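**Q** Residues per chain, in single letters:
Protein chains: 2
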Amino acid sequence: MASPILPLLPSNLEVIQDPNQVAKLSKDYYHFSPVLTAQLQDKVADVVIRPATEAEVLQVAKACVASKTPLTVRGAGTGNYGQCIPLEGGIILDLSKLNRTKWVKPGLACVEAGAKLAAIDKITREQGWEIRMAPSTYRTATIGGFIGGGSGGIGSITYGQLADRGNLTAVRVVTMEDEPQILELRGDDVQKVNHAYGTNGIITELEIPLGPAYPWAEVIVTFDDFMQAARFGYTLGEADGIIKKLISIHAWPVPSYFAALQEFLPPNQTAALLMIAESSLEPFGELVKAYGGTVTYQKTAEAAKKGAALAEFTWNHTTLHARNVDTNLTYLQTLFPYDTDLKLVEHMYRHFGDEVLMHLEFFRVHGQVCPAALQLVRYTTEARLNEIIRYHETQGAFIANPHTYILEDGGRKEINDTQVAFKGQVDPYGLLNPGKMRGWLERNT
Amino acid sequence: MASPILPLLPSNLEVIQDPNQVAKLSKDYYHFSPVLTAQLQDKVADVVIRPATEAEVLQVAKACVASKTPLTVRGAGTGNYGQCIPLEGGIILDLSKLNRTKWVKPGLACVEAGAKLAAIDKITREQGWEIRMAPSTYRTATIGGFIGGGSGGIGSITYGQLADRGNLTAVRVVTMEDEPQILELRGDDVQKVNHAYGTNGIITELEIPLGPAYPWAEVIVTFDDFMQAARFGYTLGEADGIIKKLISIHAWPVPSYFAALQEFLPPNQTAALLMIAESSLEPFGELVKAYGGTVTYQKTAEAAKKGAALAEFTWNHTTLHARNVDTNLTYLQTLFPYDTDLKLVEHMYRHFGDEVLMHLEFFRVHGQVCPAALQLVRYTTEARLNEIIRYHETQGAFIANPHTYILEDGGRKEINDTQVAFKGQVDPYGLLNPGKMRGWLERNT
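Keeping their order, the protein sequence lines are chains A and B. The first sequence runs 1 to 445 under the working numbering. The second sequence runs 446 to 890 under the working numbering.
Simulated from the structure, these hints should not be mistaken for lab results. There may be inaccurate statements among the hints.
List of simulated lysine to aspartate or glutamate pairs, EDC-like, C-alpha gap at most 20 Å [stated by the list, open to error]: (1) A:LYS105 <-> B:GLU622; (2) B:LYS751 <-> B:ASP566; (3) B:LYS550 <-> A:GLU302; (4) B:LYS734 <-> A:ASP188.
Sample of chain B residues facing chain A (criterion: CB under 7 Å; computed from the structure) [unchecked claim]: (5) THR614; (6) PRO660; (7) ILE687; (8) ALA722; (9) GLU727; (10) ALA866.
Negatives, chain A to chain B, calculated, CB over 12 Å [stated by the list, open to error]: (11) GLU14; (12) GLN161; (13) LEU183; (14) GLY353; (15) LEU441.
All values reported here derive from a predicted model rather than from experimental measurement. Beta carbons are placed, not taken as given, at the ideal position from N, Cα and C, and that holds for glycine.
So that you can see chain A by itself, here it is in the shape it has in the complex (with noise of 0.2 Å):
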């Protein structure tokens, strides 16, 4: 089908129309959820607009206005909950060409959407920095499509998550009025944009904190018993001495279901997969002596740029590994209150047996270091899975929904008015990345 954009776009454009290209640059990974799966698989975009410039996405933005066309901005399409699916077609703005690193000073880089995170922390390596903290999507992820969709990952354990005042400096917006503008947005100003899924502004530039690239090596520590290991990442995190950065931790069968690591997973064990200063390693394995814990792998920094990284295994690509072998699995997105006794945690690994697997992440909230699990679930319907739901939520766990696509009801489980009077104001026609915000959705009724 035609767009009814094309006739008002300039002619330097790149803009793709075969129907196979439009079809994949309108999915993300939101397949990870059955539920998901069956509201998103028939949406598609009419086609997909790459600009290479600012101006170019400011073209683009008033060719939309002028046409009432929908707009859905794409990073990688990485995103879990179809926060880059064009619920309404219209077009695609893939940002991959908005990709440069404009500059970088200590704990602080300038970049550009597009840029994926690899490449950044490639080019802030050379002063001695890296992002803070990155999903397991790390080498194809961009950095737009994480702060649009994304909350946290690995190098949470030490910085919090995305939401946190200071883990985004600024940014910059193409807006969606009758004359699309430009607006910087920063301090506390920037969460009027963060996490809302593109819905209220095109993010084409971001001012990220760094912090400071140790040499990180790759770990990985067996226990007989998971509790034992639950604890181990618990009192791991908590050591403020120890440099860290991942402490992901997978109850046997998880680790069976990763297939390049298998002679270091030994059956039956629950095996913690980390990422450690090299300096601090050391007192690190005093603390694996002191649990009973195994080191079954052990690279340094160096030897880790071969082969598969360790962060590959754990966040949500654990999920797509134990996916690879087994399509019936699923995944629950859990924070659990802080507890170092854990008892929450064990209660829910004893209570589901083997239909909820165990997988803990440990990250830091509001200066707390709290147990967060990417349970995998063995899927059967619905019903069972929103009761799954239920009662870690009647029990006092928190779960951040990853099988709804819209906003306020993952995680956020409000309506955040700033960012909706944000859209009010920049998108006044609600053309972007329609039918995602709940907030907006509902303002008139």
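Position chain B against the provided structure of chain A, taking the given hints into account.
**A** Only chain B this time, still in chain A's reference frame:
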């Protein structure tokens, strides 16, 4: 008095016998405590020996053992609990000439015990690294003295305390057996001599972990209300996205004692003295706004190289400045429990009024941000001081008593069997810093 050791020493050694110099080098800053002053003011060594190499230290150790001469190690004498006061005369071993930084790699350095903290940083910063934590005597204190007698300080808001696993990598120790030798302690074994006042080995060399050398801005924020300032400090401490090195909160009239900073410290205001990574200043400013603070002073890292360092008004330098104005002032060292409502802090603040002036330092305790305090106390009698201490303890605050020179009676409160056993092994004649380790003194009773 001539020491029996002198004829046993090789002629290459620097030996100080001038009584004025020996008296001066027999002192530290115990005079912060009227209790310690009464107990320690007449203690003096017979002679000071200043070796230049570890080999010379070994020669001195041999001579001390042969002549059964007590040996008390001295760094820069910046301690406050009489750690390096020679209770039984003998020799002071002044390690200030063992001051080389031997190597630096990412996150790690090897230094000699007498190296000054600031001098180490000058070298490591060339590679982007710095010492993780330091006392307010950073410019003059030695690393050996800090490990031997310190516990944490500026930087502890990120890395916790020196006693935490990972904050000391390895030490070399000269022993005082019949045949003195050099031992290397690594891993958890470093705890055998960590914070032991030099009672069980002469630390000659250390491997210490380093942190990233952010450019640190120095900032003063003032508040109308002490509790509001304290809450601001807590929130800043727990703000994982904002990089900081120092959160020091001073209720009025404490700021009135900081002569050099008066123009930035309005009367009757509580002052927060802070070190913030320059790259975090923008989000930090939003936090200040949210708490209604006023920034009265802000220096970039570059500008902060000139003039009074803000850190030199915090931790126990606060007490120093206060005592410069009023020698009746002494201090406490208090650890309050984890409680973001700061109930016990508020109770003590109101309960003691002008008798105990509140000075908070936030730092990490096993992963959690806690408020510590080095309150200024208007001293009347030792009995009243002990009453104040007991009141804190009965209400649930932990006091690391700075009015005792006994190792275990300060912060530890219990005998460390490992350290006592190690003393038995390496100092069988009890010659090292005699009279300080209760566990040794009471071992046969």
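**Q** Tell me, which hint numbers fail for this structure?
**A** 1, 10, 12
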